[in-house]
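A.B. asks: Now for the letters of each chain:
Protein chains: 2
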Amino acid sequence: MTTTSVHPAWLPTEAWRPIGTRRVRVDVTGTVRDEVRAACALHGGELVTTGEADLILRIGGADGYAITRERHVTTVSSATHAGLLHGLFATVRMGESAFVPGPRIDSAPAFARRMLDHWDNLDVHPVMGQVERGYAGGSLFWRAGALRTADLPRVRDYARLLASIGINAVALNNVNVHATEARLLTDRLPDLVTLADVFRPYAVRVHLAVTFAAPIVLGGLDTADPLDPAVRAWWSVTLAAVYERIPDFGGVLVKADSEGRPGPFAYGRTHADGANMLAEALAPHGGVVHWRAFVYNHRQDWRDRTTDRARAAYDHFAPLDGAFAGNVVLQVKHGPMDFQPREPISPVLAAMPRTRLAMELQITQEYTGQQRHVCYLAPMWSAVISGAPAARELAGVANTGDDPFWTGHPLAQANLYAFGRLAWDPSLAPETILDEWITLTFDPDDAAREALHAIMDESWRTYERYTAPLGVGFMVRPGHHYGPDVDGYEYTPWGTYHFADRDGVGVDRTVATGTGYTGLYPYPWNEIFESLADCPDELLLFMHHVPYTHVLRSGETVIQHIYDTHFAGVSEVEAMRERWQRIKIAPDVHARVSTLLDEQLRSAIEWRDQINTYFFRKSGIGDIRGRKIY
Amino acid sequence: MTTTSVHPAWLPTEAWRPIGTRRVRVDVTGTVRDEVRAACALHGGELVTTGEADLILRIGGADGYAITRERHVTTVSSATHAGLLHGLFATVRMGESAFVPGPRIDSAPAFARRMLDHWDNLDVHPVMGQVERGYAGGSLFWRAGALRTADLPRVRDYARLLASIGINAVALNNVNVHATEARLLTDRLPDLVTLADVFRPYAVRVHLAVTFAAPIVLGGLDTADPLDPAVRAWWSVTLAAVYERIPDFGGVLVKADSEGRPGPFAYGRTHADGANMLAEALAPHGGVVHWRAFVYNHRQDWRDRTTDRARAAYDHFAPLDGAFAGNVVLQVKHGPMDFQPREPISPVLAAMPRTRLAMELQITQEYTGQQRHVCYLAPMWSAVISGAPAARELAGVANTGDDPFWTGHPLAQANLYAFGRLAWDPSLAPETILDEWITLTFDPDDAAREALHAIMDESWRTYERYTAPLGVGFMVRPGHHYGPDVDGYEYTPWGTYHFADRDGVGVDRTVATGTGYTGLYPYPWNEIFESLADCPDELLLFMHHVPYTHVLRSGETVIQHIYDTHFAGVSEVEAMRERWQRIKIAPDVHARVSTLLDEQLRSAIEWRDQINTYFFRKSGIGDIRGRKIY
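As given, the protein sequences belong to chains A and B, one line each in that order.
Per UniProt numbering, residue 1 is the first one in the first sequence, and the count goes up by one each step.
Per UniProt numbering, residue 1 is the first one in the second sequence, and the count goes up by one each step.
It should be emphasised that the hints constitute simulated quantities derived from the structure, not laboratory data.
All residues carry an ideal CB built from backbone N, CA and C; glycine is no exception.
Treat the hints with care, as some may be off.
Claimed, not checked - Partial chain A-side listing against chain B, Cβ under 10 Å, derived: (1) Asp187; (2) Arg188; (3) Asp191; (4) Thr194; (5) Tyr482; (6) Thr492; (7) Trp494; (8) Phe499; (9) Arg502; (10) Asp503; (11) Glu606; (12) Phe616; (13) Arg617; (14) Gly622; (15) Gly626.
What the hints assert, rightly or not - Restricting the straight-line Cα-Cα distance to at most 25 Å, the calculated cross-link-like pairs of lysine to aspartate or glutamate (DMTMM-like) are: (16) Lys628/B <-> Glu574/B; (17) Lys628/B <-> Asp301/A; (18) Lys628/A <-> Asp503/B.
Throw the hints in and build the complete structure from the sequences for me.
C.D. replies: The structure is reproduced here in structure tokens:
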């Protein structure tokens with residue numbers, strides 16, 4: 001008779017409440033037995049294979065897990081080691097109710113692969129640093145070119161953290177693969193082996209971002225042409241060598257022909273040619289290719305009104321539907337641009353029924369406050385996931401690092417948590433997920449719980465209110481993307497424009513008079529977006545160029561909506577800050593969040609004033625409520 | 001009887017034409033004899049102290065030099081080793097005419113100190129690189145933290161280059177003094193000694209940029225308070241140790257209380273307190289303090305219309321007139337902002353009659369095309385020097401580096417050349433100086449000479465035409481400052497605004513309704529700038545906010561002037577490029593400049609289109625000539 005307390009290290013302070021002391025019995029058979037034993041040991045307990053127990057883990061059942069709660073015993077069953085682990089963590093989330101008799105719970109993940117993509121660099125990049133778009137300190141894996149071997153215990157905690165929310169795949173390096181990163185495929189492979197060994201007990205398979213030019217830069221070939229036999233042979237041999245060392249290697253992730261990365265276009269080949277070559281090399285080993293659809297002309301001429309970056313992924317990839325091998329996963333950003341706080345769902349996600357699609361979300365808050373602003377993203381994700389039923393996998397860009405709170409902003413942990421939970425079960429309501437996270441993280445009293453909900457539930461909509469209006473996007477400082485700069489990208493090659501002049505603002509993407517983007521959607525969305533009357537307000541300026549005096553569906557004019565939402569957004573941040581000041585919570589968390597809320601308020605005011613002043617200077621139309629516009 | 005050919009290595013190809021073979025006799029007396037002998041040897045010849053000669057160098061005469069040209073002999077006389085050197089180089093410039101009998105030439109420098117300030121970093125700065133605002137490759141002196149000891153022969157060539165144009169002082173490190181640079185005062189002093197030994201034969205004294213916090217960061221004191229006796233003692237002892245190793249050390253250069261640099265404000269002291277403390281430590285050794293007047297609030301709130309960066313240097317320093325020690329040189333940028341292509345002369349230069357003033361020019365083309373654009377700056381400098389007769393020294397921020405052409409753009413050499421020549425004799429016409437440089441560098445035929453003048457003479461005004469209009473300044477990409485971004489600095493803390501709205505543009509700096517800046521000038525300039533009717537067009541938007549329909553003194557409206565100058569500027573660059581394509585010149589120079597002219601044209605078109613579109617979108621007023629505005 002032994003006891004175990006199983007809890008993920010969600011906070012470094014181990015603030016996630018353990019179940020308590022429960023006797024555990026595990027019924028396992030066959031080869032997975034030792035793995036589960038090891039995994040349970042890592043969780044701080046021991047297996048009990050005979051005798052009395054409060055919790056029985058039993059392998060044998062559906063993919064996913066089942067939990068039966070009888071009078072004296074609760075049983076977790078699964079067909080797989082991974083399912084058993086996830087069931088075990090489910091009992092942690094349930095707390096005492098896991099041990100109260102009740103109906104059988106059957107749970108299976110909605111997305112077969114639930115993947116985190118780390119944009120971690122091995123070498124410190126001169127501009128992007130150790131982690132590209134990272135706001136949580138350094139990399140958990142890499143520091144200044146080397147594997148952080150002394151810090152592998154923290155990686156083990158991290159693997160447990162990911163397993164606890166159902167993540168089962170992780171890419172360990174940046175999709176922008178620089179010189180040193182490229183070598184993880186070959187002479188730096190031992191680093192990957194070491195990390196795979198850490199992740200394996202938690203049923204998290206490791207993937208690797210590779211450069212399409214690897215046959216040249218690593219293999220010494222003079223081409224990377226995907227149809228060249230020598231190139232194909234090089235990939236086969238090289239990847240086979242990876243599988244020799246990492247039999248459960250997940251596969252490769254590729255950003256090709258995008259923002260300067262090499263790709264098949266250099267050889268007059270298609271993306272399908274490129275992806276299928278890799279797929280062929282991986283297929284014998286059960287690996288997959290994640291091929292990113294983030295391909296567009298990043299040297300566009302702002303003077304050219306016919307090119308539309310929003311169309312790019314569709315125009316590049318939709319014609320290739322059906323051309324990709326079965327183990328190619330086309331990884332598509334949820335929106336057509338680049339992780340703005342508000343975008344329509346990418347039309348690619350409805351245009352490729354014969355292609356395996358992953359939807360890519362950005363957990364790291366590049367455009368949503370950079371983990372200095374509270375911005376709980378689950379409401380946005382919940383909407384886009386339900387709007388894109390064709391996606392069969394979910395990938396998220398990680399927001400974690402070696403920060404003591406894992407995510408820089410302590411409340412940004414909720415985004416990681418929510419990503420995992422939505423990837424398992426997208427029908428969960430965002431506020432329910434948040435409530436789980438609050439309970440597990442803080443075990444708060446009612447007042448603190450209420451305050452946390454008041455601060456976080458609507459924080460994404462608050463962020464949207466004080467930043468770029470009505471879906472127009474961008475208006476951030478170029479480069480680092482923090483804070484406002486309305487014209488920052490307006491005359492650049494990046495294809496991210498708002499076209500504001502003294503009369504109006506917005507991008508005409510209609511079929512009738514614009515770039516034709518709205519026509520890429522299936523009915524009824526093509527008609528809804530095309531129609532000025534029917535287009536949802538929050539996407540109006542993404543789809544249409546309108547006068548400042550245009551009246552929204554809400555009944556307000558565009559210009560008055562801009563003023564109103566920006567004043568409202570700042571007021572909401574002020575309210576957040578006041579609530580936080582009164583909350584009772586762990587002192588280190590309280591202090592960190594307090595400092596960050598000061599910055600969020602400063603930044604929100606800056607956004608409000610720049611946006612309002614910009615549009616007042618352009619339109620000449622004052623605020624009907626007479627508030628201060630500089 | 002020996003011969004000598006004396007020519008500075010102006011181009012790495014030694015393209016500067018040597019005089020030819022001339023017999024040289026040098027009459028020298030006393031202690032300088034050996035130095036001149038050594039200097040002559042470095043120039044590639046030998047002294048001839050007896051017998052026949054075509055050129056006699058004679059020490060004994062005025063400060064500066066005299067050249068007498070008699071039938072059989074030309075004699076150069078000077079009171080000093082330095083004067084003799086400069087006279088010798090004058091004969092190089094004169095070419096054959098130095099040996100044709102003619103009237104005696106007396107020449108003395110207008111500015112006693114003619115100084116180059118290198119913004120070179122020792123360590124590679126993560127943002128600014130090896131050379132801050134450097135566009136000519138790496139540093140001649142430093143690489144990745146270390147002195148380039150293997151490349152000292154090139155430093156020797158560089159010293160000769162500077163001597164050939166009369167430069168007699170050089171600061172060897174960036175005014176933004178980081179950790180490693182600070183140590184040049186103490187344990188890295190041997191590096192400075194090595195460089196001083198290289199510069200000494202060419203009569204160029206070395207100066208050092210120091211951090212005001214040195215007593216803390218190097219001395220281990222807990223304060224840098226300039227009135228603290230321990231601080232004063234530390235500086236005295238430390239600087240005395242420098243003079244022990246470098247007896248002709250020039251002194252220190254300080255950027256204090258500016259853009260985050262430490263300074264006397266932290267201790268409630270004035271800039272005079274700070275500068276005088278250093279002056280006291282330097283005085284026994286004959287050294288000077290160059291104290292920069294570039295002090296302003298770089299965390300301004302763009303919403304605050306009362307703070308005016310243009311006033312800052314005046315407001316900080318004018319009240320201190322008379323308070324500085326005799327060996328303090330207050331180093332004042334030529335304009336009140338920051339080296340824009342067009343600024344009024346800084347009012348500080350007319351406001352401090354009891355202070356020794358240096359005017360600071362920027363030879364490195366931070367805001368004037370970054371050595372990718374042809375922009376011959378002598379016309380601007382000639383005007384600002386003649387407008388500020390109170391300045392007694394001239395300092396220029398160096399545009400040189402380890403690029404094979406010394407200055408990146410081969411034609412940017414003309415700016416370095418002109419800086420030295422104007423510092424010696426500001427009455428020289430810019431086109432005369434350019435002609436000297438063309439002759440010495442290319443020895444071209446008439447067609448090539450004419451083409452070079454056509455390309456370069458007006459190139460600064462061309463640059464002005466296609467960039468920010470009518471003196472308003474900035475409108476560059478933040479950070480790197482290359483290319484247009486009209487609103488790039490508009491909502492930033494840097495104090496550089498244009499206040500364009502749908503009705504008009506410009507900064508109201510009048511006494512009547514604005515910031516009062518115009519009132520800082522002596523009569524008649526205060527009245528001229530204050531008056532909308534009298535203010536020169538080229539400074540109109542620096543002084544006034546006017547409607548787009550305001551009619552300039554030229555008879556055009558502001559908006560039409562913007563369109564016309566921007567179309568004209570691009571046409572002029574096209575003409576430059578065509579002329580260059582036809583010119584006959586050294587192939588390496590031709591190739592480099594051709595590539596750069598392609599970039600200049602691309603950039604000029606980008607400027608034209610962004611500026612025109614920006615103001616068309618704001619004003620709604622079309623071009624009366626119907627040209628394409630995007």
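A.B. asks: All hints, please: hold or fail.
C.D. replies: Status of each hint after checking the structure:
Given the 10 Å rule on beta carbons, the hint for aspartate 187/A is violated: about 26 Å separates it from the nearest Cβ of chain B. Annotation: arginine 188/A was flagged as interfacial toward chain B, and the flag is violated, the nearest CB pair being 25 Å apart, outside 10 Å. For aspartate 191/A, the interface hint is violated, the least distance from its beta-carbon to any beta-carbon of chain B being 26 Å, above 10 Å. A least Cβ separation of about 30 Å between threonine 194/A and chain B goes past the 10 Å threshold, and the interface hint is therefore violated.
Residue-level restraint check for tyrosine 482/A is violated (minimum Cβ-Cβ distance to chain B is 13 Å; threshold 10 Å). The beta carbon of threonine 492/A is positioned within 10 Å of a beta carbon in chain B (closest approach about 8 Å), and the interface hint is therefore held. Interface restraint check: tryptophan 494/A against chain B, minimum CB-CB distance 13 Å, threshold 10 Å, status violated. About 8 Å separates the beta-carbon of phenylalanine 499/A from the nearest beta-carbon of chain B, less than 10 Å, and the hint is met.
Contact between arginine 502/A and chain B, as hinted, is supported at the beta carbon level, the nearest pair being about 4 Å apart and thus within 10 Å. The interface hint given for aspartate 503/A holds, since its Cβ lies 7 Å from the closest Cβ of chain B, which is under the 10 Å cut-off. With 10 Å as the threshold, the beta carbon of glutamate 606/A comes within range of chain B, its nearest partner Cβ sitting at about 8 Å, so the hint holds. Interface restraint check for phenylalanine 616/A: the shortest CB-CB distance to chain B comes to about 8 Å, inside 10 Å, so the restraint holds.
With a least beta-carbon distance of about 4 Å to chain B, the hint placing arginine 617/A at the interface is held under the 10 Å criterion. Below 10 Å, beta-carbon pairs count as interface contacts, and glycine 622/A has none with chain B, the closest being about 13 Å; its hint is therefore violated. Hint status for glycine 626/A: violated, given a least beta-carbon distance of 17 Å to chain B, over 10 Å. Straight-line distance between C-alpha atoms of lysine 628/B and glutamate 574/B comes to about 17 Å, which keeps the hinted pair within the 25 Å bound.
Restraint check for lysine 628/B and aspartate 301/A: the C-alpha separation of about 15 Å stays at or below 25 Å, so the hint holds. Taking the CA atoms of lysine 628/A and aspartate 503/B, the gap is about 20 Å. The hint holds against a cut of 25 Å.
Of the numbered hints stated above, those contradicted by the structure are hints 1, 2, 3, 4, 5, 7, 14 and 15, listed in ascending order.
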